[in-house]
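Residue numbers (our numbering), protein chains in the order written: chain H, 573 to 741; chain W, 47 to 143.
Just so you know, not all the hints are guaranteed correct.
[Unchecked claim] Pair ranges (Cβ atoms, derived):
1. W:N123 to H:T582: 37 to 47 Å
2. W:W140 to H:P737: 46 to 56 Å
3. W:R72 to H:A672: 24 to 34 Å
4. H:R692 to W:A70: 36 to 46 Å
[Stated by the list, open to error] Residues on chain W that point at chain H, a partial pick, calculated with CB under 10 Å:
5. A58
6. F62
7. L100
8. A127
Since the hints were made in silico from the structure, they are not lab data.
Bear in mind that the values here come from a model prediction, so they are computed numbers and not experimental data.
Using N, Cα and C, we set each Cβ at its ideal position, and we do this for glycine too.
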Amino acid sequence: MQTGEATVWTLAATVLVINARYLLFGATLQPWLSQAGPARAYASLLLLGDANWIATMRAAEKGEQDRAYLLGTGVPLMAAWLAGTLAGVLFGGILPDPHALGADLMLPCFAAAMMAAMVRSRAALVPVAVGATAALLISHFAGPGWGIVAAGLAGAGVAALTARPGVVK
Amino acid sequence: MTLWTMLAVMAAAALFCRMAGYAAMRFLPPSNRLDAALRATPLAVMAGITAQALAAGGLTEAVALASAIGLTVLTRNDVGAAVGGVGVAALLRWLGV
Numbered sequence: 573m574q575t576g577e578a579t580v581w582t583l584a585a586t587v588l589v590i591n592a593r594y595l596l597f598g599a600t601l602q603p604w605l606s607q608a609g610p611a612r613a614y615a616s617l618l619l620l621g622d623a624n625w626i627a628t629m630r631a632a633e634k635g636e637q638d639r640a641y642l643l644g645t646g647v648p649l650m651a652a653w654l655a656g657t658l659a660g661v662l663f664g665g666i667l668p669d670p671h672a673l674g675a676d677l678m679l680p681c682f683a684a685a686m687m688a689a690m691v692r693s694r695a696a697l698v699p700v701a702v703g704a705t706a707a708l709l710i711s712h713f714a715g716p717g718w719g720i721v722a723a724g725l726a727g728a729g730v731a732a733l734t735a736r737p738g739v740v741k
Numbered sequence: 047m048t049l050w051t052m053l054a055v056m057a058a059a060a061l062f063c064r065m066a067g068y069a070a071m072r073f074l075p076p077s078n079r080l081d082a083a084l085r086a087t088p089l090a091v092m093a094g095i096t097a098q099a100l101a102a103g104g105l106t107e108a109v110a111l112a113s114a115i116g117l118t119v120l121t122r123n124d125v126g127a128a129v130g131g132v133g134v135a136a137l138l139r140w141l142g143v
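Work out the full structure: start from the sequences and follow the hints.
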């Protein structure tokens with residue numbers, strides 16, 4: 573194993589790149605989650621993941637008032653993540669192939685279903701088209717992680733540019 | 047460098063990403079443009095995840111994702127539709143498609 577300061581920076585940079593999308597996810601949660609107060613909001617953000625972010629954004633859009641939603645959906649996800657990792661380490665040889673069960677499509681199917689539920693007007697197809705295009709373009713050059721960040725930024729950018737200027741009442 | 051140092055650095059970086067975007071929002075003045083951007087981001091990210099899975103996969107993945115979307119439109123039950131899409135993928139793979 574390499575030692576020294578260079579390894580620390582490489583390690584930190586790698587984790588920052590892998591998690592860069594959560595900067596964006598956290599920002600989108602702020603208007604809704606901040607009403608829980610800082611202590612509860614930051615505690616909830618500890619369990620921020622892809623699936624529970626999607627679920628929470630969908631719930632908030634439907635008018636969910638329970639600000640524990642992110643934490644409440646994060647706990648079972650974390651438990652499943654840890655249990656799955658443990659099961660893989662202990663029984664990896666005898667478990668059925670997760671790919672055969674469609675586990676790799678869990679997040680994409682979840683995202684596709686939530687997206688379909690949230691598209692209620694033709695205007696909502698604009699961020700869908702922009703996000704899909706940006707994700708495909710950027711992931712081709714920089715990998716899927718940056719593709720997702722690019723999708724969010726491009727969708728946000730186009731929405732901001734086409735929105736009516738002014739201040740929200 | 048010890049294992050604990052490495053774990054602490056990785057945990058700090060992961061936590062930073064989860065907290066910093068949220069915290070930075072306090073300093074952005076509210077506006078219609080910001081509001082529109084925040085509302086569009088989840089849809090764009092979900093579309094990005096779906097598009098990447100479509101591009102990386104084949105027929106099975108395309109049918110599974112189309113099932114998830116179709117079932118959502120038909121039933122308005124998004125979580126059930128997502129599970130249904132995964133089920134379709136598992137079935138098609140079991141059949142050897």
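(message) Checking hints one by one. Is A58 (chain W) an interface residue toward chain H, by the C-beta closer than 10 Å rule?
(response) holds (7 Å)
(request) Double-check F62 (chain W) for me: the hint is only fine if its C-beta lies closer than 10 Å to a C-beta in chain H. (result) holds (7 Å)
(message) For the restraint on L100 (chain W), tell me whether the closest CB of chain H is nearer than 10 Å.
(response) Holds: closest Cβ of chain H sits about 8 Å from L100 (chain W), inside 10 Å.
(message) Holds or violated: the 46 to 56 Å window for the beta-carbon distance between W140 (chain W) and P737 (chain H)?
(response) holds (54 Å)
(request) Go ahead and decide if the range 36 to 46 Å is satisfied by the Cβ distance of R692 (chain H) to A70 (chain W). (result) violated (29 Å)
(message) Take the shortest C-beta to C-beta distance between A127 (chain W) and chain H; is it under 10 Å?
(response) Given a least distance of 4 Å, the restraint on A127 (chain W) holds.
(request) Return holds or violated for the Cβ distance of N123 (chain W) and T582 (chain H) against the range 37 to 47 Å. (result) Between N123 (chain W) and T582 (chain H), where Cβ atoms are some 45 Å apart, the hint holds.
(message) Assuming the hint says 24 to 34 Å, is it satisfied by the Cβ distance from R72 (chain W) to A672 (chain H) or not?
(response) violated (46 Å)
In this structure, the hints that do not hold are numbers 3 and 4, in rising order.
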